[in-house]
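Asker: What follows is each chain in one-letter form.
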Amino acid sequence: MKFTSIEQLVELAETQGKKISDIMIESEMETHERSKEEIFEQMRMSLQVMNAAIEKGLKEQVRSRSGLSGGDGRKLATYIEKGQFLSGDTILEAVSKAIATSEVNASMGTIVATPTAGSVGILPGTIFATAKKLNSSEESMVYALFTAGAIGLVIANNAFISGAAGGCQAEIGSATAMAAAAIVEMAGGTPTQAANALGIALKNMLGLTCDPVAGLVEVPCVKRNAMGAANAMIAADMALAGIKSVIPPDEVIETMYRIGCAMPMPLKETALGGLATTPTAKKLEKKIFGKPLHE
Amino acid sequence: MKYHSVFDIIGPIMIGPSSSHTAGAARIGKAARSLFARQPKKAIITLYGSFAKTYKGHGTDVAIVGGILGFDTYDNRIVDSLVIAKDLGIEIQVIPSNEQSEHPNTARIYLEDEKGTLEIVGVSIGGGKVEIVEIQGFKIKVSGNQPSLIVFHEDRHGVIASVSTTLSKFEINIGYMEVARKEKGSIAMMVIETDQRITREVLNELESLKAVRQVALLKTS
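Those protein sequences? They're chains V and Z, same order as listed. Numbering of the first sequence is given in UniProt numbering, commencing with residue 1 and proceeding in unit increments. Numbering of the second sequence is given in UniProt numbering, commencing with residue 1 and proceeding in unit increments.
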């Protein structure tokens, strides 16, 4: 692969006057001996699966097997239609799509893991909302997925992307960072701005525990997808405004790794700590499985 | 580096709800199936770490059984795999273990029929990516980035040379190789990652070599 750090990735792009997505595509072509067309088409198919999940989540009565999640994406979409909201419409658009996707995931629907299924809503939510706002082409959205993938590869190889390994910061945090960089590129920002956006976004996710109620990818996961999407949008706007991440992105990623290693096991997807051990969570566990998860 | 492709991060396309517990689990099951190379009569699935703690809600058991049946991560039939397995007369046992495992998401899969048995240990490292760390009691290290050739053979001189000569005859380049054995002179195993695709013809020729017991392709994606 052509890059192992964000610094390298940005330098490769800036010195050649290319986008981060271009570098990712070239690297993929080289490493796997595949044509650009073939790689692009595979990514375009993923974008279509994402689109279908958003549509399903917003239009159908999606419900998970446990009954813990479903219907909130639709609720938010109806709320947006009324026009009486406090935050911006692009942010809410991203959030409703993120929730919808995450709910489809919880209902065992078809999704694309980005980077994981637990963090599945953030990238589609922000990319489709940004595309609506900027009137972007499908091509530009596919490129954005390559940019997100490049960031995700650096994070996955230098830290982690699973809640079991590094807590929720590794899932929602990574997805948020990937999304922030991807939408900066969609908005015409530079690779450096994309890197700053990912740094800003990831800093605000550090230390996030993975504490799924009843061990399921539903509570608090669905709502964390919503907040991740909003966080990515804000971080992207900040970077586009010229604001820098004071701590360089690679150091933020390294910090996430250290925090994840220091995090005790109950906070890493075991349902032995955090929100998963609240009285309400315990009650829900008993209701869903007929007995507590841990005896 | 554990992740090499952009599609390790953007992907896989899968049935929810968890890339580690559902997609990764399905891929460990499918890896076992690819090595066993036929439908088993019985499967014993032992789960460790986070797999053991939360498998019910995530459908980890359902996903592994789906993989054992040969289903891909995006196959809708995964949801009904336990029923499908029962209809096919496959006996399934799921055992959550309290034993410590090196990685939080680890599964041991034992498959059996009248012709033989197979046991592998796989870990789900996140985002649907898996690593197979043990086959038939042999500890191994493969990247899982491409299909690996697994050769069980008698541990004696010349076998490794004859396997590599055969591969070279088909113009297949070895990218990575490891040899594992339990004790000198007993049964040994080669794990070979190649740059080129391995066809059925290659597998047959390797299988006909002297001292080679069994050849299979291990697929983890």
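A few of these clues could be false.
As the list claims (entries may be wrong) - Computed cross-link-like contacts, DSSO-like style, restricted to lysine-lysine with a CA-CA straight-line distance of at most 30 angstroms:
#  : chain 1 : residue 1 : chain 2 : residue 2
1  : Z       : K182      : V       : K291
2  : Z       : K56       : V       : K287
3  : V       : K75       : Z       : K139
4  : V       : K283      : Z       : K56
5  : Z       : K219      : V       : K36
6  : V       : K286      : Z       : K41
7  : V       : K282      : Z       : K139
8  : V       : K36       : Z       : K86
9  : Z       : K56       : V       : K2
10 : V       : K2        : V       : K59
11 : V       : K203      : Z       : K2
12 : Z       : K86       : Z       : K141
No lab work stands behind these hints, which were simulated from the structure alone. Everything numeric in this text was worked out from a predicted model, so none of it was measured.
Asker: Against each hint, give a clear statement of whether it holds in the structure.
Answerer: Checked hints:
no.: 1; hint: Z:K182 to V:K291; result: violated (43 angstroms)
no.: 2; hint: Z:K56 to V:K287; result: holds (14 angstroms)
no.: 3; hint: V:K75 to Z:K139; result: violated (51 angstroms)
no.: 4; hint: V:K283 to Z:K56; result: holds (17 angstroms)
no.: 5; hint: Z:K219 to V:K36; result: holds (25 angstroms)
no.: 6; hint: V:K286 to Z:K41; result: violated (34 angstroms)
no.: 7; hint: V:K282 to Z:K139; result: violated (39 angstroms)
no.: 8; hint: V:K36 to Z:K86; result: violated (44 angstroms)
no.: 9; hint: Z:K56 to V:K2; result: violated (41 angstroms)
no.: 10; hint: V:K2 to V:K59; result: violated (42 angstroms)
no.: 11; hint: V:K203 to Z:K2; result: holds (24 angstroms)
no.: 12; hint: Z:K86 to Z:K141; result: violated (34 angstroms)
Against the hints set out earlier in the document, violations occur for numbers 1, 3, 6, 7, 8, 9, 10 and 12.
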